[in-house]
Amino acid sequence: MLHRHPLYWICVTLLLLPVSALRADEYAQARRHLVEVIEQDVRDTSLYLDQKALDPRVMTAIGRVPRHEFMPAAQRQHAYANRPLPIGYGQTISQPYIVALMSDLIKPQAGDRVLEIGTGSGYQAAILAELTGQVYSIEIIEALGKQAAGRLSRLGYDNVTLRIGDGYYGWKEHAPFDAIVVTAAASHVPPPLVAQLKPGGLMVIPVGSRFLTQQLVLIEKGADGQLITRQILPVKFVPLTGEHD
Amino acid sequence: MPSLSIALVSATALAYEVLLMRLFSIIQWHHFAYMMISLALLGYGVSGAFLMLLQRRLLRHFAASYIINLALFGVCSVGCFLIAQHIPFNAEEVLWDARQTVWLLCTYLLLAVPFFFAANAIGLALIHYRARLSRIYAADLLGAGLGSIGILALLFVVLPLQALTVLGLLGICAALLASWELQQTRTAAWLVPLAAALLLMPASWSTLEMSPYKGLSQILLVKDTHIIAERSSPLGLLSVVESPTIPLRHAPGLSLNASTEPPPQLGVFTDGDGLSVISRYNGDRHTLSHLDQLTSALPYHLRPINRALILGAGGGADVLQALYHRAENIDAVELNPQFARLVTTDYADFAGHLYQTPGVTLHIAEARSFAAGSPGDYDLIQVSLLDSFSASASGQYALSENHLYTTEALAEFLKQLAQHGFLSITRWIKLPPRDTLKLFATSVAALRSSGVNDPGQQLILIRGWQTSTLLVKNGAVNAQDIERVKAFCAARSFDAVWYPGITRDESNRYNRLRDAWFHDAAQALLGEQREGFLDDYKFNLRPSSDNQPYFFHFFKWRTLTEVLQLRERGGAPLTDAGYLVLTATLVQAIVASLLLILLPIWIYQRRGSPAKQGVPRSMVMAYFFILGLAFLFIEIAFIQKFLLFLHHPLYAVAVVLSSFLVFSGLGSAWLGRISPGSRNKLLRKAVTGIVMLGTVYLLSLGTLLDHLAALPDVMRILISASLIAPLAFCMGMPFPLGLARLADYAPTLIPWAWAINGCASVISAVLATLLAIHLGFSTVIAAALVLYVLALWVFPAPRKG
Numbered sequence: 001m002l003h004r005h006p007l008y009w010i011c012v013t014l015l016l017l018p019v020s021a022l023r024a025d026e027y028a029q030a031r032r033h034l035v036e037v038i039e040q041d042v043r044d045t046s047l048y049l050d051q052k053a054l055d056p057r058v059m060t061a062i063g064r065v066p067r068h069e070f071m072p073a074a075q076r077q078h079a080y081a082n083r084p085l086p087i088g089y090g091q092t093i094s095q096p097y098i099v100a101l102m103s104d105l106i107k108p109q110a111g112d113r114v115l116e117i118g119t120g121s122g123y124q125a126a127i128l129a130e131l132t133g134q135v136y137s138i139e140i141i142e143a144l145g146k147q148a149a150g151r152l153s154r155l156g157y158d159n160v161t162l163r164i165g166d167g168y169y170g171w172k173e174h175a176p177f178d179a180i181v182v183t184a185a186a187s188h189v190p191p192p193l194v195a196q197l198k199p200g201g202l203m204v205i206p207v208g209s210r211f212l213t214q215q216l217v218l219i220e221k222g223a224d225g226q227l228i229t230r231q232i233l234p235v236k237f238v239p240l241t242g243e244h245d
Numbered sequence: 001m002p003s004l005s006i007a008l009v010s011a012t013a014l015a016y017e018v019l020l021m022r023l024f025s026i027i028q029w030h031h032f033a034y035m036m037i038s039l040a041l042l043g044y045g046v047s048g049a050f051l052m053l054l055q056r057r058l059l060r061h062f063a064a065s066y067i068i069n070l071a072l073f074g075v076c077s078v079g080c081f082l083i084a085q086h087i088p089f090n091a092e093e094v095l096w097d098a099r100q101t102v103w104l105l106c107t108y109l110l111l112a113v114p115f116f117f118a119a120n121a122i123g124l125a126l127i128h129y130r131a132r133l134s135r136i137y138a139a140d141l142l143g144a145g146l147g148s149i150g151i152l153a154l155l156f157v158v159l160p161l162q163a164l165t166v167l168g169l170l171g172i173c174a175a176l177l178a179s180w181e182l183q184q185t186r187t188a189a190w191l192v193p194l195a196a197a198l199l200l201m202p203a204s205w206s207t208l209e210m211s212p213y214k215g216l217s218q219i220l221l222v223k224d225t226h227i228i229a230e231r232s233s234p235l236g237l238l239s240v241v242e243s244p245t246i247p248l249r250h251a252p253g254l255s256l257n258a259s260t261e262p263p264p265q266l267g268v269f270t271d272g273d274g275l276s277v278i279s280r281y282n283g284d285r286h287t288l289s290h291l292d293q294l295t296s297a298l299p300y301h302l303r304p305i306n307r308a309l310i311l312g313a314g315g316g317a318d319v320l321q322a323l324y325h326r327a328e329n330i331d332a333v334e335l336n337p338q339f340a341r342l343v344t345t346d347y348a349d350f351a352g353h354l355y356q357t358p359g360v361t362l363h364i365a366e367a368r369s370f371a372a373g374s375p376g377d378y379d380l381i382q383v384s385l386l387d388s389f390s391a392s393a394s395g396q397y398a399l400s401e402n403h404l405y406t407t408e409a410l411a412e413f414l415k416q417l418a419q420h421g422f423l424s425i426t427r428w429i430k431l432p433p434r435d436t437l438k439l440f441a442t443s444v445a446a447l448r449s450s451g452v453n454d455p456g457q458q459l460i461l462i463r464g465w466q467t468s469t470l471l472v473k474n475g476a477v478n479a480q481d482i483e484r485v486k487a488f489c490a491a492r493s494f495d496a497v498w499y500p501g502i503t504r505d506e507s508n509r510y511n512r513l514r515d516a517w518f519h520d521a522a523q524a525l526l527g528e529q530r531e532g533f534l535d536d537y538k539f540n541l542r543p544s545s546d547n548q549p550y551f552f553h554f555f556k557w558r559t560l561t562e563v564l565q566l567r568e569r570g571g572a573p574l575t576d577a578g579y580l581v582l583t584a585t586l587v588q589a590i591v592a593s594l595l596l597i598l599l600p601i602w603i604y605q606r607r608g609s610p611a612k613q614g615v616p617r618s619m620v621m622a623y624f625f626i627l628g629l630a631f632l633f634i635e636i637a638f639i640q641k642f643l644l645f646l647h648h649p650l651y652a653v654a655v656v657l658s659s660f661l662v663f664s665g666l667g668s669a670w671l672g673r674i675s676p677g678s679r680n681k682l683l684r685k686a687v688t689g690i691v692m693l694g695t696v697y698l699l700s701l702g703t704l705l706d707h708l709a710a711l712p713d714v715m716r717i718l719i720s721a722s723l724i725a726p727l728a729f730c731m732g733m734p735f736p737l738g739l740a741r742l743a744d745y746a747p748t749l750i751p752w753a754w755a756i757n758g759c760a761s762v763i764s765a766v767l768a769t770l771l772a773i774h775l776g777f778s779t780v781i782a783a784a785l786v787l788y789v790l791a792l793w794v795f796p797a798p799r800k801g
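These protein sequence lines map, in sequence, to chains X and F. Note that this note's numbering numbers the first sequence so that position 146 is 146, with each residue one more than the last. Note that this note's numbering numbers the second sequence so that position 132 is 132, with each residue one more than the last.
Everything labelled a hint here was simulated from the structure, so no lab data went into it. Do not rely on the hints blindly, as some may be mistaken.
List of simulated lysine-lysine pairs, BS3-like, C-alpha gap at most 30 Å [said to hold, decoys possible]:
#: 1; chain 1: X; residue 1: K146; chain 2: F; residue 2: K486
#: 2; chain 1: X; residue 1: K172; chain 2: X; residue 2: K107
#: 3; chain 1: F; residue 1: K486; chain 2: X; residue 2: K172
#: 4; chain 1: F; residue 1: K415; chain 2: X; residue 2: K198
#: 5; chain 1: X; residue 1: K107; chain 2: X; residue 2: K52
#: 6; chain 1: X; residue 1: K198; chain 2: X; residue 2: K172
It should be emphasised that the depicted structure is a prediction, and the values quoted were computed from it without experimental measurement.
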């Protein structure tokens, strides 16, 4: 280890400070731009969403949560591009537009209790934590879960409780939930999750591959327990020429 | 003359091509594997260009050059794959990440290296022995013919990576054989340690590096999950997975209203993806109640099912569903014997000896051939989710021929139904709707072709949020059926999309889409506006046929601009990657070929070599290019034409490919006896033979094969080989006749012809698939016949004087 005069370190720190400040500022600017991109995408897709804009609280959360903190250093240069990115272990951090849509679809309220199946990077949990009262998140891959827990704690998301394990049976101790977000690949909707959703609650599931979300499935549990799904195409595309043009 | 080593390297190179397809289908996905290997074969074209420029130097040391190239082929065939599999290419990021294109380029440049060395060896031999080149070419074709059968046999015996080592060793064996043939025994001394090094390679170097995004890689990240068995064959690598701590619970399409969960399961992955399961069964039907909560359970609620035919039985989920619903006689058909053995032998106790249950009969057979030869009278024929969702959703199957969902196939299945029986086909829901609707359109076409005037009266279509099930009834759907469909759907929150008399409001009730897309499309496909609808729909929904068996081809060019504009705005899943990959492969192959063909001749001229050769270069280029295209056109189209007749895709590939190569080889060998003066005449005769036989087959092969379909396996194989033999014999002549002409009048152009033929072969394989997708395999054959006639016109004639 090199021993240098304290003055050296002070100089280095002073020199680096503007750089890191600039970096943080760049990220903030990129985040603002991302919000604008998402707002435009939402306007384009309003046909399927039945709304011209998402809940402003959701957009504020997207503009606030530092997405670059949720990905490996090698990917940070793309942190605010509106696209999914690999985070290791064959997993991805979802496209911000999809995260925003999913967060909006569950109509989050400040006091809500939300269950997330598939923590991944923790980004979706952080957005939910900004919007709701308490987030319970379950991750099946141990290494990912530990990384996400550390990250969420470091960023001060104290209202996220994370568990490593099987999401199939939900989290009975904290049920029922106002909303459930399933981001893990599942061959079907586990019956225990349906049971842990409050009457009037909403569950959202992205369908597709790791990088390509084909549709969002929103499950609405009626006051009488009856289940209805809405299948939402997250893109401005109509399959028949001339339709809705 | 080193005929044996030529045959061996040719056999090994062809086997290597097949093996690479296998290996990359495991570690990556089929469609990109197709692109990588197609373009890697341009190594043949590179070799021709290389030899064109360096032939004099290499020929001065022919024996050494020849042996070194063989040895390098052996070493690089193993080494290049082991390096290539570490290239971090991810197919799904191609749309966003420019680096992926670079990784892809690196992969096929690397994989081209072994083909380059193999082609160098064969090309050098063709130039060196130009007086007897028809014999060299014959050895090349005969070897390739044997290689095509050999690799299929080898893949039944060893795992794909072990097969790679075997092929590497065979490459070095070819070099050893060449040392003996060319009496260069001293060189053998350094070949033996090379072979030993391949054998003693550290185990850590030779493990398969599967993409982390494949289903198998993902599930192995789950605590305590591990592979408990692996079975490999040319049909795929089966990996059996056990997950004791966090159980597998695979039940795609399960109703949201279901309250029960699946029993413990073992996962079976094919090539690291496409999960299917073997469920624990103890004979208690009640443990299977979740199987009644799937869209595919519908037919069991419409009438008692006594005789059921399950196509693609795999791990037995559909058989269990039939047992749950008290079907008495179940014929379960599975193509892959290794998969069946997992259930009947290896995990028979776990599966409750499912396939030995009274009333259940397992048949190892190709689904369509079995149905055609079965006694029929089935109450239900069921085909459920034979492909994985991710593969289907990303358009990976667009390049794959599928003979199960063609108009002819559905018409054949309908014939095997009892009165009022049902054909039931379950598919993944894709949005915007694609394959469910194409299946509906195909069923309408099949019913019409069976003489049904009002197909809508015999169809029922339902959907959940994840799967759809189409029922085609042998008879009109009646009021009782409709009441039962309604009750079934209401209890499970499924939507009826179509039954006779359905209203639009009923079709979008539980799983709501922005519009009643499925119902509107079904209505249009049954009505007079059908053609307009098919034209206006942004995906291709036209029924597939045996002549154009591309069920998963949904792409329309006019949608491309819109889809690409939307790729970063949620539109990426709209691209059917398979077709675009195919087109991109063709464009790259054409650009690379132009370079590989034109560049060496340009350099050759700049060096001050004679501007004029004994034959016009334009004719040399046209002739060998046309031959390269035409030969593979016929070969590829005939594999498809014989596929149903031979009842198995592997038989079809092995029998057709080896017959073409071996009999072409014999045709070439026969030329050795022909005097140079009669070449023009002989070419005319060969082309006449090809065109006449080709035309006869084009017009009558289908009918002929239909009549012979009931013969035993051995007879059908012999008949196939006999039908191919005369055509292939004639096809083996034009190439060596052209080379012989060059040997007489422009010998320095022989490697150039080799490059042209190599490039044309790559383009041909891709172009044949594109033509078949759009125009059908019959057109591919017709095009090949026209090309052969053209070849006659451009046969390089010596310059006068």
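The hints, checked one at a time:
1. Taking the CA atoms of K146 (chain X) and K486 (chain F), the gap is near 48 Å; set against the 30 Å cutoff, the hint is violated.
2. For the suggested pair K172 (chain X) and K107 (chain X), the alpha carbons sit about 22 Å apart, so the restraint of at most 30 Å is met.
3. Restraint check for K486 (chain F) and K172 (chain X): not satisfied, since their Cα atoms lie roughly 34 Å apart, outside the 30 Å limit.
4. The suggested pairing of K415 (chain F) with K198 (chain X) is violated, with an alpha-carbon distance near 50 Å, which exceeds 30 Å.
5. Among the hinted pairs, K107 (chain X) with K52 (chain X) is consistent with the structure: their alpha-carbon atoms are about 15 Å apart, no more than 30 Å.
6. With a C-alpha separation of about 12 Å, the suggested pairing of K198 (chain X) with K172 (chain X) holds against the 30 Å cut-off.
The structure is inconsistent with the numbered hints 1, 3, 4, although it conforms to all the rest.
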